[in-house]
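Q: Sequence:
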Amino acid sequence: MKRAVFLFGCFAGFSSVCADEFFTSKIEPLLKQRCFECHSHEKKMKGGLTLDSKSGWEQGGDSGPALVAGKPEESLLIKMVRWSDDEHQMPPKEKLPSAEIALLEEWVKRGAPDPRVMVKKRPTEADWWSLKPLVVPKLPEVAGVQHPVDRFIRARLAERKITPSLEADRRTLIRRVMFDLHGLPPSQAEVEAFLAETERPSDNQTGGQSDKEKDSSLSAYERLVDRLLESSRYGERWARHWLDTIHFAETHGCGHDLPRDHAWRYRDYVITALNEDKPWPRFVREQVAADVLFPEEPKLVAALGFLGAGVFDHSAYQTAPTNFDYLDRDDLVTQTMGAFASTTANCARCHAHKFDPISQDDYYALQSVFAGLIEGNIPFDEDKTVAQSRRRWQTILTAAESKDKAVLLTPENASLVGAWEKTQGAPVKWSPLGYESFVSAEGSSLKRTGDTLFSSGAKPDKDSYIITSSVPLTKITALRLDVLADPSLPMKGPGRQDNGNLTLSEIEAQLFDPGAAQPVKLKFTRATADFDQQGWTSGMAIDGNAATGWGIHPAVGVSHHAVFEMADAVAIKPGARLTLTLKQLSGKSHLIGSFKLSVTDEHAVRAAAMPTLAQEALTLPAEKRSEPQRVALAAHALRLIATTELSKLPAPAQVYAAAKKADVLLAVGKGTPTTVAKAKTVQVLKRGEFDKPMKEAVSGALSAIHALPARFEKAQASDEAARRAALADWLADEKNPLTWRSIANRVWHYHFGRGLCDTPNDFGRMGGTPSHPELLDWLACELRDHGGSLKHLHRLIVTSAAYRQSSAHRDDAVLLDADNRLLWRMNRLRLDADSYRDFVLATSDRLDPALGGTSVRQFVTGPPVQLTPTLNYEAYDWSALPKHRRSIYRFVWRGVPDPFMDALDFPDLGMLAPARGFSASALQSLALYNNRFVLHFSGELGKQLTTPEEAVRRVLLREPTAEEKTNFTTFAQKNGLAALCRVLLNSNEFLFVD
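Note that our numbering has the sequence shown beginning at -12, numbered continuously upward.
Warning: the hint list may mix true and false statements.
[Said to hold, decoys possible] Keeping only pairs whose Cα atoms sit at most 25 Å apart, straight-line, the calculated BS3-like set for lysine-lysine is:
#  : residue 1 : residue 2
1  : Lys657    : Lys647
2  : Lys635    : Lys462
3  : Lys341    : Lys682
4  : Lys560    : Lys416
5  : Lys390    : Lys665
6  : Lys510    : Lys560
7  : Lys778    : Lys265
8  : Lys58     : Lys82
9  : Lys416    : Lys510
10 : Lys635    : Lys390
11 : Lys434    : Lys575
12 : Lys673    : Lys41
13 : Lys722    : Lys701
14 : Lys341    : Lys119
15 : Lys19     : Lys41
16 : Lys575    : Lys479
17 : Lys341    : Lys33
18 : Lys33     : Lys80
19 : Lys778    : Lys125
20 : Lys508    : Lys570
21 : Lys19     : Lys80
22 : Lys434    : Lys479
23 : Lys80     : Lys13
24 : Lys265    : Lys286
25 : Lys449    : Lys479
26 : Lys722    : Lys778
27 : Lys19     : Lys82
28 : Lys66     : Lys96
29 : Lys667    : Lys682
The set of hints was computed from the structure by calculation and includes no laboratory data.
Build the full structure now, drawing on both the sequences and the hints.
A: Next up, the structure:
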């Protein structure tokens, strides 16, 4: 018996070995050849499926497990390779040979043996560098080195036995740091002044200076850095970096690429915030939730432009609202978490993140934060006093509309009502119009009796009455419409509907002056009535929306009137005619039965219609008025007072952003008022499919940061603003390691051309790992512990010896660190598109230094295609203005880029752009040499010069060599100084920053 058991164990072990050998010899090579390109951790993970480990096919992808061991007929993988139907075909381009399909079937029949164990696993907060709590690292001990940044850099270099490079020369340093902090070149005078302040030995070697000379040189450089950081040019330069990071542009993108005329205020907010050195936590909070966290600072509403920075799919918004909501929020989640936390949370939309500890629940929790927003133009007051006044009167106006006696009858408001009563003189005099023609558009019969018009006969579903009249006054301030009860009308009217009701959808007025080629359309600014049906108010008759209107139900059987105030007093010339159109478009014969029209020239506010209860109150002593009468009178008086006071305030500014209420841009220059009354319910979606909800998401953030709450249950029960405030606090918290590492790395990236982690928006497993992790943590802690001051961080970095090094090539160092990850020299950088443009303008003395304001549209606009205007950048006349704004103020059209800037690698802002791309192409060279911008400003520069030497000093900020002087003189004599300037503006010495 024991022998039998022993033999069975041997056969079992042999069987296992054979099964593994079958897999490794037959199946694994097949999978590598046919499947790994699209389904492996090293390549792609289409559909969330990986086949490079046993756990990969066991867990499966978006459609579930790939195999059922022992059951090929039930295995999804086998169905796919068999090409069972049109939806099950893998590989998609060509079906596998029958022999290979048979091998896979045999493997599954055998139980799908697979000895592979996936070494890689999704990291947790405990085993991944970016998720670990931030702790201030100990500074390395490096002899003779005091600067903390250099101690980390030198320690790593010493490990590889690499010596740092010598310090760059003074001219190189001033050009480098001015490009870095301002995005502009120094002038020739600035270079000479800096050189004079930091005289150095002729050998240009740090070792050739005395300690006193070194100190003097460094202090002069530090003073230069301080001046640069204090200049407003700093904010302009670094705002461009942030706008790239969050893919800010001034149009919608997508197929209907509409312009956003007020987006620029967010850009100006960013510039101002950076110039003020706004603490980073405050900067974060303002952009996510300024309206709720800082309500007493109304100008900060401009910061909410962050929430509206991305694309807006105009077509999906109108035709597929559910898809739009989820995808629009996805873009905002991607932007927010990428920019502030360097995290790819959006990768968990269809399934748990394959590499990072981010669950689907986390992802949809973030979506839920933004579920109460809509993008569009948002009004706000830049002046705090104006905002307070507007808020006060708006509150009173709202209370008047809702008859809120708790607000209307306060002592303060009662005194306002009392004062208003004393100003009421004799009743307003109304003068009847002199009807000359009155017709129905749909066949009703209009008849006149004295000042009254009566509608009878046919009773169409909808109708419009057009009345043309003479005007008995020399000016008019308001128009009055009386709708009159009549025994012959249903329920005594005043409407023709069976229940006596009516609907005035819109009232329009046109003035025909004698001899005029066309009429003047008159504008109404406010409407009041003695009675408004709930949800159908007089104001809706002038809102431009045919689906709304004024109604009077259930107060039928009695006469009513509405007064429409003119935006401005209208002068009436002798012989002028007034044409009024009364549109009644709600359907079901909600038509006016009997009415009359009159006008007044008295003050429009006094002309406002007064409700019956309010009129009754005025006939009684205050002490004998009932509460309903007091409320009605207060509502009427305070509505008039509030409206008058609001009209005195300056018009609010606007910013394109996202909030609970916004004017959604669906046509050029026209917003549609939209309100998200309640935050929408966000579902966790199976495989990210909109029609497969699994459960309701609770607003929150990432579970991997254990020091902070992952869900915002309290905010979830409140309005959407509370959710945004909770996320803002989560991001800005000093215990959030992602936020502080992210911004520290981002600042380093823009100074050195590459971050300590070279994937600025991805600190996860698929991103890079820091070349100097302790330095990154030290910088993050330094920023956090010094009030979140970016200028403090800039100063630390640019005063380091690492930053001040020469960028010269060294054969000895390249052998040990070819890509300069250890920073044995400074990286040589090419001017980005914005900087090249600004360098050319500055060098040619054609740069307008004005700060802020509306963006400059440097193109000619043509007829639209699907609402997107055609743009001609080549047709723009550069000579039209003496000077031109910096690139930061250029109107950036998302879907129709400037070809010149595009050639110089300005990013596609349909996507996030945390790092600028780099290309070197023939097209780029042609653009730099032949674009009208370069040609024009080469010519402008040439006009200002008399010798080639001046051109070299102006463009290259140095004296020409003897050989250059000879060659340039010959060239200029033959081709002119403008041509020489064009050559110099294309030289590597100008294009690159050493």
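Q: For each hint, tell me whether it holds in the structure or not.
A: Comparing the hints with the structure gives:
{"no.": "1", "hint": "Lys657 to Lys647", "verdict": "19 Å, holds"}
{"no.": "2", "hint": "Lys635 to Lys462", "verdict": "22 Å, holds"}
{"no.": "3", "hint": "Lys341 to Lys682", "verdict": "21 Å, holds"}
{"no.": "4", "hint": "Lys560 to Lys416", "verdict": "20 Å, holds"}
{"no.": "5", "hint": "Lys390 to Lys665", "verdict": "23 Å, holds"}
{"no.": "6", "hint": "Lys510 to Lys560", "verdict": "18 Å, holds"}
{"no.": "7", "hint": "Lys778 to Lys265", "verdict": "9 Å, holds"}
{"no.": "8", "hint": "Lys58 to Lys82", "verdict": "21 Å, holds"}
{"no.": "9", "hint": "Lys416 to Lys510", "verdict": "22 Å, holds"}
{"no.": "10", "hint": "Lys635 to Lys390", "verdict": "24 Å, holds"}
{"no.": "11", "hint": "Lys434 to Lys575", "verdict": "22 Å, holds"}
{"no.": "12", "hint": "Lys673 to Lys41", "verdict": "23 Å, holds"}
{"no.": "13", "hint": "Lys722 to Lys701", "verdict": "20 Å, holds"}
{"no.": "14", "hint": "Lys341 to Lys119", "verdict": "19 Å, holds"}
{"no.": "15", "hint": "Lys19 to Lys41", "verdict": "14 Å, holds"}
{"no.": "16", "hint": "Lys575 to Lys479", "verdict": "18 Å, holds"}
{"no.": "17", "hint": "Lys341 to Lys33", "verdict": "11 Å, holds"}
{"no.": "18", "hint": "Lys33 to Lys80", "verdict": "15 Å, holds"}
{"no.": "19", "hint": "Lys778 to Lys125", "verdict": "23 Å, holds"}
{"no.": "20", "hint": "Lys508 to Lys570", "verdict": "16 Å, holds"}
{"no.": "21", "hint": "Lys19 to Lys80", "verdict": "17 Å, holds"}
{"no.": "22", "hint": "Lys434 to Lys479", "verdict": "18 Å, holds"}
{"no.": "23", "hint": "Lys80 to Lys13", "verdict": "23 Å, holds"}
{"no.": "24", "hint": "Lys265 to Lys286", "verdict": "15 Å, holds"}
{"no.": "25", "hint": "Lys449 to Lys479", "verdict": "20 Å, holds"}
{"no.": "26", "hint": "Lys722 to Lys778", "verdict": "22 Å, holds"}
{"no.": "27", "hint": "Lys19 to Lys82", "verdict": "16 Å, holds"}
{"no.": "28", "hint": "Lys66 to Lys96", "verdict": "14 Å, holds"}
{"no.": "29", "hint": "Lys667 to Lys682", "verdict": "14 Å, holds"}
The structure fails none of the hints (numbered hints given earlier).
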